[in-house]
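Construct the entire structure; sequences and hints are all you get.
Line order of the protein sequences matches chains A and B. Under my numbering, the first sequence has 61 at position 61, and the numbering climbs by one with no breaks. For any residue, its number in my numbering is found by taking its place in the second sequence, counting from 1, and adding 1000.
Honestly, the hints are just simulated from the structure, not real lab data. One should not assume that every hint holds.
[As the list claims (entries may be wrong)] Partial pick of chain A residues on the chain B-facing surface, computed with a CB cut under 8 Å:
no. : residue
1   : Val293
2   : Ala368
3   : Arg373
Glycine is no exception: its CB is placed at the ideal position from the N, C-alpha and C atoms.
Number of protein chains: 2
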Amino acid sequence: MTTGDDTAGTEQSRDDDAYALDRKTVAAILYAVDIEDRDKLTELMEPLYAADIADLLEQINPYDRTRLIRLYDREFDGEILSELEEGVREEVIRVLSPDVLAEAVRDLDSDDVVDLLEDLDEPEQKAILGVLEDAERVAAQKALSYPENSAGRLMQREVVMAPEHWTVGQAIDFLRASDDLPEQFYHIILVDPRLKPISYVSLGKLMGTRREVPLKDIAEEDFHVIPIDQDEEDVAYAFNQYHLISAPVVDQDGRLVGVITIDDAMIVLDEEYEEDMLRLAGVSDDSSLSDSVATTSRRRLPWLAVNLISAICASLVISQFEAEIDQLVALAILMPIVASMGGNAGTQSLTVAVRALATRDLTGSNVARVIRRELMVGMLNGLCFAIVLGTVGMMWFASPMLGVVIGSALVVNMIIAGFAGTVVPVVLDRLGVDPALASGTFVTTTTDVMGFFIFLGLASVVLL
Amino acid sequence: MTTGDDTAGTEQSRDDDAYALDRKTVAAILYAVDIEDRDKLTELMEPLYAADIADLLEQINPYDRTRLIRLYDREFDGEILSELEEGVREEVIRVLSPDVLAEAVRDLDSDDVVDLLEDLDEPEQKAILGVLEDAERVAAQKALSYPENSAGRLMQREVVMAPEHWTVGQAIDFLRASDDLPEQFYHIILVDPRLKPISYVSLGKLMGTRREVPLKDIAEEDFHVIPIDQDEEDVAYAFNQYHLISAPVVDQDGRLVGVITIDDAMIVLDEEYEEDMLRLAGVSDDSSLSDSVATTSRRRLPWLAVNLISAICASLVISQFEAEIDQLVALAILMPIVASMGGNAGTQSLTVAVRALATRDLTGSNVARVIRRELMVGMLNGLCFAIVLGTVGMMWFASPMLGVVIGSALVVNMIIAGFAGTVVPVVLDRLGVDPALASGTFVTTTTDVMGFFIFLGLASVVLL
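Structure (structure tokens):
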């Protein structure tokens, strides 16, 4: 029997070759593009899924990308467009010949069309809208009228509903007789006479139940309705938290207007994760590997600029102790350790807090307890390392008092780090600022400045 | 028409009150527990979903948690158990009275039972297995025989299949006549006579198609089969990449043995994200907000210890220039800036690379180009800040040469940071080590040590 211990029993490890683009395939494709062999290219691309072709296009350089698309021409599937990341997608749209683009766009579902349109500049939006049929165009424009990042943009308008009083038999007959069921649906939404969703029935359950049973009897217990103006982040959270496969969307009057399915929610969830992770490191969250040098540079600068200011502030603090450092150079040698340990501990607390805020695990109900815990952990770990570092300092510079000073400074800085690392993101979150975006600077500035100040200050008082 | 610009048009922002535990509700629940009012407690808990009750249990302190569970008693739903995070779940299992636990476990689906069991210690595993019916116990033991973190553990054994030559009519009749369809299923898997999956048909499409049409005609184009020993990380990647709702699992002989559904894949995906994010900050990935002070302290220590060693190494480098710092204290004041900027730039590159490796966007096909880009970006941003910092240094200490020295040191360190930040995770990944886990130390040690070395070294040569 395998236990929960990670080292017991056999354990799988990730196979990097599964699903990653095969380097040989990519090389063969680029070669076919080089020698302009359309048949070979089509043959190589044929077994690839749209998502993989999108990855391929993202990973090759812009010059090869253009040539590949021009050679591939009419084989270009609309689905590839919806899989491409924003930057590359804009580029590809400009490269595609107008009729191939038109064909590709007509392939797409309504929610993918909206997703495509919302990132484009106006002239390109007009071009694409012009290509759609009237009904599709109106639907797309309606979707674009909803606020960006809202449920209205994510949803598909095609929804399968049934009156709440129907039986299984009536529902099945209705579905079987229906001409235009959506491509993807997993539930029938039960509605009242005013089109308000009451509950939903999964197709699986429907299939396995006798005709005379009322739909209400097999309706799902848990029922979540998404308001049309809800932020997509909240939508994605709900899908994740409640394990939804699809959820009905209602307008301000509570009437059913569409449905959001799990695949769209997952894309949002994915974006949110990436956003948090990149923002914590100060990287603009619309960054991508295919950005040019200039774009990448521009996207990294702001954070670095803020950190430069922060570093200069720390240096200003150090300069207050110029005379002391001059007297005892050991201070200059040891001071980065206190600041650095504080920074690391602060980053640990910060990351935990930012993640917990995103998953709504850190709330008013436990924030006090978590802050208390972080203070205690800071003290505990601080003491632990204070002993180590104090001993090192003592032995290195043959000065017991120096050891005591650096040990004490470390404990204090690590307590501060634990505190700031939790309080700063919580406060920013309360103020409506994304904690992932701004906390890092506040926390590391605090630990650096305090680290230097406490160590050098204590040293100047005690030793000199 | 709203454009892709984030500032144009109205924009939604996250509503922290949506789906988060209402503080008043939590307070009322704790009060009911305090005065031991079971009816009130049941009334307050009734409208909450299992996932939210799990969150509640995770957020209150252990003492209240025990009292709440004891008071709630038989109302305790098995689903809550599967929603709880590992640490709290073990605690809850110990607190629940044996018959309530037995009842709760019998509520669960087979894959949730396995999920529950695999994290437990052996005596507790035995206790739970003892509670199950024979068929369920055997199924659970079979699942546990697969390697941890493999598809075999994730899958549910109940799968709906049909012979590949059937028509829609035959499939529908089969489903309608079936007694024991699974709780959740979205597709019918088409199999050949040797039980090898050929394709699958979504229930939605089935419902809308005439009886005489062969199933093969409405089968999905894209078809992904999961080998039973595949790592769950690869499974989750496939679900995300190809927007799967469910996927059949096959054994070594290619025979259909189960199916994995999107909700299980999403849990894995969520864990992977959290793992990467926490690991980058040096926090053990099984950490949680409900850990005690001692546990949290223990889980943060290793990374801090490694960083202490790294910081001491940097100090050793500084100490080589003790004489120079003694001569020119400005060096001590300015040196942390070079190291810190290098660390920040390195962390930016590192985070981008780790994320891209996880999403398989950084592969052999583009790694050379990305490294080149990082070097150029390091140089560009380095030059930019070198000018700023050089000017600051020059003016602050009235020394043009000092300005040049610090500017040059900064450029070099930022180029090194960009390089290390990308190369280190890629190399670790190739060696089969999780880049999120180990890269941080290597990269920041490099930028610290090199930062101090280059700046102080250059200064000692040029200025002194």
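Hint check results:
Satisfaction of the interface hint for valine 293 (chain A) is found here, the shortest Cβ-Cβ separation to chain B being roughly 4 Å, below the 8 Å cut-off. Interface hint at alanine 368 (chain A): violated, since its Cβ lies 10 Å from the closest Cβ of chain B, which is beyond the 8 Å cut-off. For arginine 373 (chain A), the shortest C-beta to C-beta distance to chain B is roughly 6 Å, which falls under 8 Å, so the interface hint holds.
Hint violations for this structure: number 2 only, all remaining hints satisfied.
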